[in-house]
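Respectively, the protein sequence lines represent chains A and B. Throughout the first sequence, residue numbering follows our numbering, covering 547 to 921 in sequence. Throughout the second sequence, residue numbering follows our numbering, covering 6 to 482 in sequence.
It is worth saying that the hints were derived from the structure and are not from the lab. Careful, some of the hints might be misleading.
When the alpha-carbon atoms are kept at most 20 Å apart in a straight line, the in silico SDA-like pairs for lysine to any residue are as follows [unchecked claim]:
no., chain 1, residue 1, chain 2, residue 2
1, B, Lys185, A, Glu688
2, B, Lys369, A, Lys628
3, A, Lys889, B, Arg437
4, A, Lys848, A, Glu559
5, A, Lys572, B, Lys185
6, A, Lys572, B, Asp214
7, A, Lys773, B, Asn333
8, B, Lys185, A, Ile571
9, A, Lys572, B, Glu145
10, A, Lys572, B, Arg149
11, A, Lys628, B, Gly140
12, A, Lys572, B, Gly213
13, A, Lys889, B, Asn333
14, A, Lys621, A, Thr635
Every value quoted in this text rests on a predicted model; they were computed, and no experiment measured them.
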Amino acid sequence: MAHAYTPGLRVAELTVLRKVRRLPIKGEVLVAKGDAVTSDTIVARTHLPGNVQLVNVASKLGLPPEDLPGVMVKKEGDAVEKGEPIATTKGFFGLFKSNVPSPCDGSLENISTVTGQVILREPPTPIQIDAYVDGQVVEVMEGEGVAIETVGTFIQGIFGVGGEKTGDVRVAVANAGEVLDASKLDDSMKGQIVIGGSHVTWDGLQKAMKVGAAGVVVGGFDDPDLKRLLGKDLGVAITGHEDVTTTLILTEGFGEIAMAHGTFDLLKKREGRKASINGATQIRAGVIRPEIVIPVVEERDKLQEETTGEATGLEIGSSIRVIREPYFGRLGEVTQLPNELQKMESESMVRVLEVRFEDGSEALLPRANVEMIEH
Amino acid sequence: MSENGKVRAIVATDCGSTTTKAILIKLVDGEYRLIVRGEAPTTVEAPFEDVTRGVLNAIREVEELSGHEVLDGETIIHPNDGERGVDLYLSTSSAGGGLQMMVAGVVMSMTAESAERAALGAGAIVMDALASNDGRLAHEKIERIRHLRPDMILLSGGIDGGTVTHVVELGQVISAADPKPRLGTGYNLPIIYAGNVDARDEVEKLLGDKTALDMVDNLRPVLERENLGPARDKIHDLFMEHVMAQAPGYNKLMGWTDAPIMPTPAAVGSIIETIAKRQDIEVVGVDIGGATTDVFSVFQDTFNRTVSANLGMSYSVSNVLAEAGIENVMRWVPFELPELEVRNRIKNKMIRPTTVPQALDDLKLEQAIAREALRLAFEQHKSFAVGLKGVQQERTISDAFSQSASGETLVNMMELDLLVGSGGVLSHAPRRQQAAMMLIDGFLPEGITRLAVDSIFMMPQLGVLAEVHERSSRRTA
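In isolation and in its complexed conformation, chain A is listed as follows (with noise of 0.2 Å):
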């Protein structure tokens, strides 16, 4: 039997999902283990140090470095208030002195008697992170950080933009195939994820980002539209961290692609509840996806054991959709999976298979440009 491994984004309607919430440095753990928390919790907390000025005293002065300790008013180890002075010249009889004033708050670190530099630190920062999803504490890493768990559909999108967002899920389309534009956005979506059909124009991104909702799932977008997003061309595919206010997922790819059914009827079936999502995406080894995260805790005695592609491979019977131009986006089954190489338009010559569309039309395919669908 042919086995062939075909890589598919993750869609689950219900599925056990574990997201671990780490400090970006050790800090306070705020929940135990076995707590039930909302997207909002805050679960645990740190000080990170405060920033660093570093102010050229010796420079401002007009002295040799060395002569540093001679002017500072201030010691390692003070503290200091902005516009305070942190070293002041003898001047002339007492006459004509020169201040240097701390540009901040906070403590004076470092004198260097080497560069002439003071270095000044901010007061320290306080740094929370919430638990994202709701669902319940299953690990405490002291000091660290926890792991929540939760029940819910788990949608995986292809790339994203933007951060980590909660709101209500909102369809704003009719069907999968139509696009998201300007006219069907308003101020009731605020704070909501807003679901597109085939595409998301700019301007109905932009109103989106105007009424304020916290995120945009869609099938497609373009890329120079990213780019006027971004405010530049994206060439590594490392996302996540821009300052946008709403999160933009594609679960299909660049240019207007219909949604994939499975995906949007499951969004539609959820409409009206609380989704966590992210927009963070690598493309590369150790691969983020951006995802959709829907808790629905109340129908955890309908999980039932996950199977996935990764058993079977693609057989005859398959659910298919297709990736690549010329059929992209196009959904069907696996009719044959020939074992002989075949000659394609390209001249390309590759392992292929036949499918069979929805609409009953038939194609042969190389293995590469189709993913399997999985729920």
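We have chain A already, so just place chain B on it with the hints.
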């Protein structure tokens, strides 16, 4: 091995960042012959996260196409009994999507930039350059390190004998970030310190316990001079020995092979060097992959290699467009295609890196991008070929403003005898003249130059085979 000690069947695999290739070589009528090749997507990503899955799939394809049984379940049948199994199993690997680094220096335009040059010269993608004066708050830098999950960090800063505080400050940021490697969890992240020697003790205190810290000579020992060689060499060493070996499933694969797994660029380099030496000619070789493009050259008996880690045909394809510009890509496309369509197609290739062109216009577009990737990679090679050699690695302050080392490069296109191309887009070009045109347009040879293409895409495997069983490698080549 068979009873008379002869190697009768060999399987060799190359685990690329996108595709895993397998070849079967057999002894037929006293000669070693390539019987068949197979390939399958590389499986370092979730849900598999095990490079051996792709290896097994590629070998299964070889089995199906050749009818020669190699696997018993998930075990390679060893040795060959005349009917089934193989006597040698070898592998190369570049899985992992290239080398992704962060660099840090005290002043953005000085040591941070020098560190970036060192990392780029070693073939890394520089994900970010941190500096004391980059305008970001310490916690933003910390978040950035944690978010990007680099393979390695190069920390520099300060001239020898100068101030230690700023570079120590950067050490504190890295220490606070407690960065975890992106592949595997059982090892510490490699960090190379190439800054002020006076700060070594402090840096050791901060990072010695929680990272795999290595110290090399300061890459900016005095303000007026760069010394990039030691840092660059260390990056190469650590990537080969440390990072790549953490690719998921790699340890399992190491248990299967009859010889150590060789990094793909090293294997290709070994074949190129062998060709140049044997035939006493000047050679340029290129291996254009999904994430990286490696260029090799032998001029005046000197071997040079560069890895353009951000130029490739899948993971890095979008970066080729960003670096070359759309006009440069479209000048090679012999039909009208709207910019929107071009951009969307290239981005779709980036986010679904294992797909192949089915339609002719798709193929033409990929070959256009390949020309630009080859051109840019060769430009990098020409300027870095000099930098890889001894004293010439050291730059003066006037060089600090220019990446090029024009006039000093060893690459002489008039003297070039042989240009060898390898990698999916060249090897799989349906017509040989398409590969030839890509090489000519990308490299612009000037004199009399023979062109060769690794048409069955097996240079890496032959490279490793040459180390173990030279006769079969030579005969098959």
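We went through each hint and held it up to the structure:
no.: 1; hint: Lys185/B x Glu688/A; in the structure: holds, 18 Å
no.: 2; hint: Lys369/B x Lys628/A; in the structure: violated, 62 Å
no.: 3; hint: Lys889/A x Arg437/B; in the structure: holds, 15 Å
no.: 4; hint: Lys848/A x Glu559/A; in the structure: holds, 11 Å
no.: 5; hint: Lys572/A x Lys185/B; in the structure: holds, 14 Å
no.: 6; hint: Lys572/A x Asp214/B; in the structure: holds, 16 Å
no.: 7; hint: Lys773/A x Asn333/B; in the structure: holds, 18 Å
no.: 8; hint: Lys185/B x Ile571/A; in the structure: holds, 12 Å
no.: 9; hint: Lys572/A x Glu145/B; in the structure: holds, 16 Å
no.: 10; hint: Lys572/A x Arg149/B; in the structure: holds, 16 Å
no.: 11; hint: Lys628/A x Gly140/B; in the structure: holds, 19 Å
no.: 12; hint: Lys572/A x Gly213/B; in the structure: holds, 18 Å
no.: 13; hint: Lys889/A x Asn333/B; in the structure: violated, 30 Å
no.: 14; hint: Lys621/A x Thr635/A; in the structure: holds, 15 Å
Hint check: violations occur at hints 2 and 13; the rest are consistent with the structure.
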